[in-house]
Amino acid sequence: METPDSASQAWAIEVQGLTKSFGNHLALKGVELRVREGEFLTIFGPNGSGKTTLIKVLATIMKPSSGNVRVAGFDLRDSPVPIRRKIGVVSHQTFLYDDLTAFENLKFYGRMYDVPNLEARIHEVITKVGLASRLHHQVRTLSRGMQQRLSIARAVLHRPSIMLLDEPETGLDQYATARLREVLDTLSAENGTVIMTTHRLEYGLEMGDQVAILAGGRIAYQESKQSLDVDSLRQTYYRLTGTTR
Amino acid sequence: MKKFLGKVLTILWKDILSELRTRDIVVSVLVFALLVIVIFNFAFEPERVGLVAAGILWVALTFAGVLGLSRSFVLEKDKDCLEGLMLCPVDREVIYFGKMLGSLTFILVVAVIVLPIFFILFNLPIFRPELVLIVVLATIGFASVGTLFSALAVNTKAREIMLPILFFPIVAPVIIAAVKATGLVFAGESWSSLSSWLQIMAAFDIIFLVVSSLVFEFIVEE
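Just so you know, the protein sequences line up as chains A and B, in that order. Going left to right, the first sequence walks through residues 327 to 571 as our numbering numbers them. Going left to right, the second sequence walks through residues 20 to 241 as our numbering numbers them.
Mixed in with the good hints there might be a few duds.
[Unchecked claim] DEER-style ranges, computed between Cβ atoms:
hint: 1; chain 1: B; residue 1: Phe82; chain 2: A; residue 2: Ala458; range: 41 to 49 Å
hint: 2; chain 1: B; residue 1: Pro135; chain 2: A; residue 2: Ser392; range: 54 to 62 Å
hint: 3; chain 1: A; residue 1: Ser558; chain 2: B; residue 2: Phe237; range: 40 to 48 Å
hint: 4; chain 1: B; residue 1: Ile139; chain 2: A; residue 2: Arg485; range: 50 to 58 Å
[Stated by the list, open to error] Derived pair list, reagent style SDA-like, types lysine to any residue, alpha-carbon separation capped at 20 Å:
hint: 5; chain 1: B; residue 1: Lys22; chain 2: A; residue 2: Asp440
hint: 6; chain 1: A; residue 1: Lys412; chain 2: A; residue 2: Arg437
hint: 7; chain 1: A; residue 1: Lys389; chain 2: B; residue 2: Asp99
hint: 8; chain 1: B; residue 1: Lys21; chain 2: A; residue 2: Arg437
hint: 9; chain 1: B; residue 1: Lys199; chain 2: B; residue 2: Val151
hint: 10; chain 1: B; residue 1: Lys98; chain 2: A; residue 2: Gln419
hint: 11; chain 1: B; residue 1: Lys98; chain 2: A; residue 2: Asp425
hint: 12; chain 1: A; residue 1: Lys412; chain 2: B; residue 2: Asp110
hint: 13; chain 1: A; residue 1: Lys454; chain 2: A; residue 2: Arg507
hint: 14; chain 1: B; residue 1: Lys96; chain 2: B; residue 2: Val45
hint: 15; chain 1: A; residue 1: Lys355; chain 2: A; residue 2: Glu340
hint: 16; chain 1: B; residue 1: Lys22; chain 2: A; residue 2: Leu444
Treat the hints as calculated values from the structure; they're not laboratory data. Quick reminder that beta carbons are idealized off the backbone N, C-alpha and C, glycines included.
Sequences are here, hints too, so could you generate the full structure?
This is the structure in structure tokens:
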């Protein structure tokens, strides 16, 4: 059984000099980032700034081109499998199979993660996202908001200690946003770590303890929430990303 | 090993369940294979059929098989389910073997339906155990290479064209060996005369199962 490096355990996520290129295009140009256990970091950035690429690298879906990344104390290159056990990912895509029912989707992912007492856990998470009455409905028959709620259930099924959220509010209705908030509050109460990307400044500032701005493939700004208000964040964001209202 | 196999079978279970709901792969592959056999049945004179029967059978199975293989990762691409699979705490080889077993199962199901119809239409002996082994070995070869290239092609714009272009040159040795071995079976030859073709197919299967499972990681992560 692989164990995390004890020197890195205080940091849930450590990123040093991370680059990721696609052919000649450099999407991440030396990202430096540290997130403590229990912290909620919101990363803002315009389209094409590298937010999704960063989440995919942290989630072990993509290999970094260079740099060092440690998640939950494990090195990304050497120990991707233990990292995957520790993380839950909610993206704007649901990762759900349309032709299977909600129950079958959760059963499939639960088996892949070796979730103990799987059926009881499925009922627990499906109730938490308010979809108990739709448990045996095919995913294709659920609305976009319901599918995204089911996606949240999928992401927390194996009790991850780190959540990676890539613009999770996309397609969420108010009810689903509230359920996501509850799930994240529960995770925070259990000292869970969250990294969330978004381009909605108010929403991201409200959710996070720390905020960072990813611009041009680099972390151009990182600050604690206490020293910030929406207006000053907005000005900094527009200045660093070169975007306008 | 037990855990590895358990995860592979979980992916297979998911693919079979999905297929039972939609019948996307088996029905399209089956219809294509049957059409090819029926058309060839009318194209050749009965006395010449014996010479070309093996070729007809493998044209039907391989071209139909490509249809099924191309669908294999299209289902995973929908809603980015492949990324969901890649998030699971398993090595990439598990995903490869799970998907490969799914494709293998669907092609074998089609073969089980197609073969008796083929024998009846072409007036050939119904069952020869040698033929079962040839079909299984050749299908493993198709599925091992096809799963890899299906994962590669699914991210390209012209995936329907890309898969056959990549697939057929690589599986040519298996197709040739299968056609030759099947021709010998139809001619009533003994096991010993087939052995060299069977060995070629077995060697191909082993090499490409190992190579494809190792290369798969780079294809899905890059």
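Okay, the hints, checked on the actual structure:
1. The given range of 41 to 49 Å is respected by Phe82 of chain B and Ala458 of chain A, whose C-beta atoms sit roughly 47 Å from each other.
2. For the pair Pro135 of chain B and Ser392 of chain A, the beta carbons lie near 57 Å from each other, so the given range of 54 to 62 Å is met.
3. A beta carbon spacing of about 45 Å between Ser558 of chain A and Phe237 of chain B agrees with the range 40 to 48 Å that was offered as a hint.
4. Take Ile139 of chain B and Arg485 of chain A: their Cβ atoms lie about 57 Å apart, and the range 50 to 58 Å holds.
5. For the suggested pair Lys22 of chain B and Asp440 of chain A, the alpha carbons sit about 10 Å apart, so the restraint of at most 20 Å is met.
6. The hinted pair formed by Lys412 of chain A and Arg437 of chain A meets the criterion: a straight-line CA distance of about 16 Å does not exceed 20 Å.
7. With a CA separation close to 17 Å, the supplied pair Lys389 of chain A and Asp99 of chain B stays within the 20 Å bound.
8. Pair hint Lys21 of chain B plus Arg437 of chain A holds up; C-alpha atoms about 14 Å apart against a cutoff of 20 Å.
9. About 15 Å separates the Cα atoms of Lys199 of chain B and Val151 of chain B, which keeps this hinted pair within 20 Å; it holds.
10. At roughly 5 Å between alpha-carbon atoms, Lys98 of chain B and Gln419 of chain A fall within 20 Å of each other, so this suggested pair holds.
11. Restraint check: the Cα-Cα separation between Lys98 of chain B and Asp425 of chain A comes to about 12 Å, which is no more than 20 Å; the hinted pair holds.
12. Distance hint between Lys412 of chain A and Asp110 of chain B is fulfilled; the C-alpha atoms sit about 15 Å from each other, no more than 20 Å.
13. Taken as a hint, the Lys454 of chain A and Arg507 of chain A pair is honoured in the structure, with Cα atoms around 11 Å apart against an allowance of 20 Å.
14. At roughly 19 Å between alpha-carbon atoms, Lys96 of chain B and Val45 of chain B fall within 20 Å of each other, so this suggested pair holds.
15. Restraint check: the Cα-Cα separation between Lys355 of chain A and Glu340 of chain A comes to about 16 Å, which is no more than 20 Å; the hinted pair holds.
16. Distance restraint check for Lys22 of chain B and Leu444 of chain A: the Cα-Cα separation of roughly 16 Å lies within the 20 Å cut-off, and the hinted pair is therefore satisfied.
When held up to the earlier numbered hints, the structure conflicts with none and fits them all.
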